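Participant: Residues per chain, in single letters:
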Amino acid sequence: MSNYYNFRNLDIIFVDDNKNMHALIKNLLLAMNIVNSRGCFDAESCFEEMREEPPDLIITDLSLNPENGLELIRRIRQGEHGVDRYTPILVLSGQTNIKDVLAARDAGATEFLAKPVSVGSLHDRMVWMVENPRPFIKASTYIGPDRRRAMRGYEGMERRK
Amino acid sequence: MTKIVEMDGYEIHHPVQKLQSKVTTKGGLSLAEIEKRMAKKMSALTEDFLSSIPPMIDAIEKSLGQLETGAGDETAQADLFRHGHDLKGLGGSFDYPIMGTIGAGICGLTHKEIETASLNLPLIRVHLDLLSYVTANRIKNDSDPKAEPILSALAAAKAAI
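Top line first, the protein sequences correspond to chains P and B.
Under UniProt numbering, read the first sequence as residues 1 to 161, first letter to last.
Under UniProt numbering, read the second sequence as residues 1 to 161, first letter to last.
Calculated from the structure, these hints are not laboratory results.
Since the structure is predicted, the reported quantities are computational estimates derived from the model, not experimental observations.
One thing to keep in mind: the hints can contain errors.
Said to hold, decoys possible - With a straight-line Cα cutoff of 27 Å, these simulated BS3-like cross-link-like pairs (lysine-lysine) come out:
1. B/K3 with P/K19
2. P/K26 with B/K22
3. B/K18 with P/K26
4. B/K112 with B/K62
5. B/K26 with P/K26
6. B/K3 with B/K18
7. P/K19 with B/K41
8. B/K41 with B/K140
9. P/K26 with B/K40
10. B/K62 with B/K3
11. B/K158 with B/K62
12. B/K36 with B/K22
13. P/K26 with B/K36
14. B/K140 with B/K158
15. B/K18 with P/K138
16. B/K112 with B/K158
17. B/K36 with B/K26
18. P/K26 with B/K112
19. B/K158 with P/K19
20. B/K41 with B/K26
21. P/K99 with P/K138
22. P/K99 with B/K62
23. B/K36 with B/K140
24. P/K26 with B/K41
25. B/K26 with P/K19
26. B/K41 with P/K138
27. P/K19 with B/K140
28. B/K62 with P/K19
29. B/K62 with B/K36
30. B/K158 with P/K138
Unchecked claim - If you only want the chain P side, here are some residues facing chain B, beta carbon under 10 Å, derived:
31. D11
32. D17
33. M126
34. S140
Unchecked claim - Output of the computed footprint for chain B on chain P, the stretches with three or more beta carbons under 8 Å from beta carbons of chain B:
35. 41-47
36. 106-117
Every residue, glycine too, gets a C-beta built ideally from N, C-alpha and C.
Construct all of the structure, not just a fragment, from the sequences and the given hints.
Facilitator: This is the structure in structure tokens:
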């Protein structure tokens, strides 16, 4: 990578129901100079934060309590409560089998990053998102990033089914 | 302003790319610098993580005990799965991959497709004992010499059950 990206101006909401993961993500973002981040433990508080101040990126787990992370992604893509449906969504999850990755993609996730997470893997995925923006597709049964263009690490996964 | 292109049966949306507009190539940090900054924080974060494991062990013990005495139901099973899932994601993230492996094992033994009455409780108990052992001895991975006895015990338990 030739560019040293400056992420400082980003405002990020992360959603995870575990407090250790909150501390870790907050510090991973701080290490990347991202000082504006807000942690949420569930989908409803994520919506509240989104309404309060629209973020530039959402990082979410898939296994939330009580609501499933997939449902959160679908609701954001529907623009529920008037939130910006185009907000980039990075899924950060330990549910890493192909079924879960495809479900996240079909719910409208922008990218998928498997736990365990490191500063290197998170940085790599965010650089990928900056360098590879995707248009949105709105059809009768889907709204989200164009699925014909692969997510990072997703290339060829469907062929391995 | 989102540019929308009408296609045959769907639309292509070109929203303002928030990440691209906020992330610059001026004043950014190299990945090496970011990793260095994160390394300074990991020690304290890991201590917090390790201090959260004994309460988790108690919670697993409680749910497993309920199931072993016939007083547990799907809720106890779901609790076990949730703790396993947390461990799976957290272990590797905090440089204790062996805890992640134990968490993955608990998930595999308690996922919702397994009927509560069919749970392999003795093998779940072995995983709980392993978790207690690696926590007490601060064993990070299976290359630690202290891990050898438990890996042998796990192999023997799996063969016997």
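Participant: Run every hint past the structure and note whether it holds.
Facilitator: Checked hints:
Restraint check: the Cα-Cα separation between B/K3 and P/K19 comes to about 39 Å, which exceeds 27 Å; the hinted pair is violated. With a CA separation close to 19 Å, the supplied pair P/K26 and B/K22 stays within the 27 Å bound. At roughly 20 Å between alpha-carbon atoms, B/K18 and P/K26 fall within 27 Å of each other, so this suggested pair holds. Between B/K112 and B/K62 the alpha-carbon distance is near 19 Å, which keeps this suggested pair within the 27 Å criterion.
Straight-line distance between C-alpha atoms of B/K26 and P/K26 comes to about 23 Å, which keeps the hinted pair within the 27 Å bound. Restraint check for B/K3 and B/K18: the C-alpha separation of about 14 Å stays at or below 27 Å, so the hint holds. Proximity of P/K19 to B/K41 is assessed by CA-CA distance (about 16 Å); at most 27 Å being required, the pair is judged to hold. The straight-line distance between the Cα atoms of B/K41 and B/K140 is roughly 18 Å, inside the 27 Å bound, and the hint therefore holds.
Taking the CA atoms of P/K26 and B/K40, the gap is near 14 Å; set against the 27 Å cutoff, the hint holds. With a CA separation close to 55 Å, the supplied pair B/K62 and B/K3 exceeds the 27 Å bound. A hinted pair counts as satisfied when its Cα atoms are at most 27 Å apart, and B/K158 with B/K62 qualifies at roughly 23 Å. Under the criterion of a C-alpha separation no larger than 27 Å, the hint pairing B/K36 with B/K22 is consistent with the structure, at around 24 Å.
Of the supplied pair hints, the one linking P/K26 and B/K36 holds, its CA atoms being roughly 16 Å apart against a limit of 27 Å. Our distance criterion of 27 Å between C-alpha atoms is met by B/K140 and B/K158, whose separation comes to about 22 Å. With a C-alpha separation of about 19 Å, the suggested pair B/K18 and P/K138 falls inside the 27 Å cut-off, and the hint holds. A hinted pair counts as satisfied when its Cα atoms are at most 27 Å apart, and B/K112 with B/K158 qualifies at roughly 21 Å.
Straight-line distance between C-alpha atoms of B/K36 and B/K26 comes to about 20 Å, which keeps the hinted pair within the 27 Å bound. As the CA atoms of P/K26 and B/K112 are separated by approximately 31 Å, the hinted pair breaks the 27 Å bound. Among the hinted pairs, B/K158 with P/K19 is inconsistent with the structure: their alpha-carbon atoms are about 33 Å apart, more than 27 Å. Proximity of B/K41 to B/K26 is assessed by CA-CA distance (about 25 Å); at most 27 Å being required, the pair is judged to hold.
Between P/K99 and P/K138 the alpha-carbon distance is near 23 Å, which keeps this suggested pair within the 27 Å criterion. The suggested pairing of P/K99 with B/K62 is violated, with an alpha-carbon distance near 32 Å, which exceeds 27 Å. Proposed proximity of B/K36 and B/K140 is supported: the alpha carbons are some 21 Å apart, at most 27 Å. For the hint pairing P/K26 with B/K41, the CA-to-CA distance comes to about 11 Å; that is within 27 Å, so the pair holds.
For the hint pairing B/K26 with P/K19, the CA-to-CA distance comes to about 33 Å; that exceeds 27 Å, so the pair is violated. About 42 Å separates the Cα atoms of B/K41 and P/K138, which puts this hinted pair outside 27 Å; it is violated. At most 27 Å may separate the alpha-carbon atoms for a hinted pair to count; P/K19 and B/K140 meet this at roughly 21 Å. Restraint check: the Cα-Cα separation between B/K62 and P/K19 comes to about 21 Å, which is no more than 27 Å; the hinted pair holds.
Restraint check: the Cα-Cα separation between B/K62 and B/K36 comes to about 40 Å, which exceeds 27 Å; the hinted pair is violated. The straight-line distance between the Cα atoms of B/K158 and P/K138 is roughly 49 Å, outside the 27 Å bound, and the hint therefore fails. For P/D11, the interface hint holds, since its Cβ comes within 10 Å of a Cβ in chain B; the closest pair sits about 8 Å apart. A cut of 10 Å between beta carbons decides the hint on P/D17: the least distance to chain B is about 8 Å, and the hint holds.
At a threshold of 10 Å, the smallest CB-CB gap from P/M126 to chain B is about 8 Å, leaving the interface hint in force. Proximity of P/S140 to chain B holds as hinted, the smallest CB-CB distance being about 8 Å (cut-off 10 Å). By the rule of at least three residues with a Cβ nearer than 8 Å to a Cβ of chain B, the coverage given for the segment 41-47 of chain P is violated, with 0 such residues. Coverage of a stretch by a chain is defined here by at least three residues with a beta carbon nearer than 8 Å to that chain's beta carbons; for the segment 106-117 of chain P and chain B the count is 3, and the condition holds.
Of the numbered hints given earlier, the model fails hints 1, 10, 18, 19, 22, 25, 26, 29, 30 and 35; all others are met.
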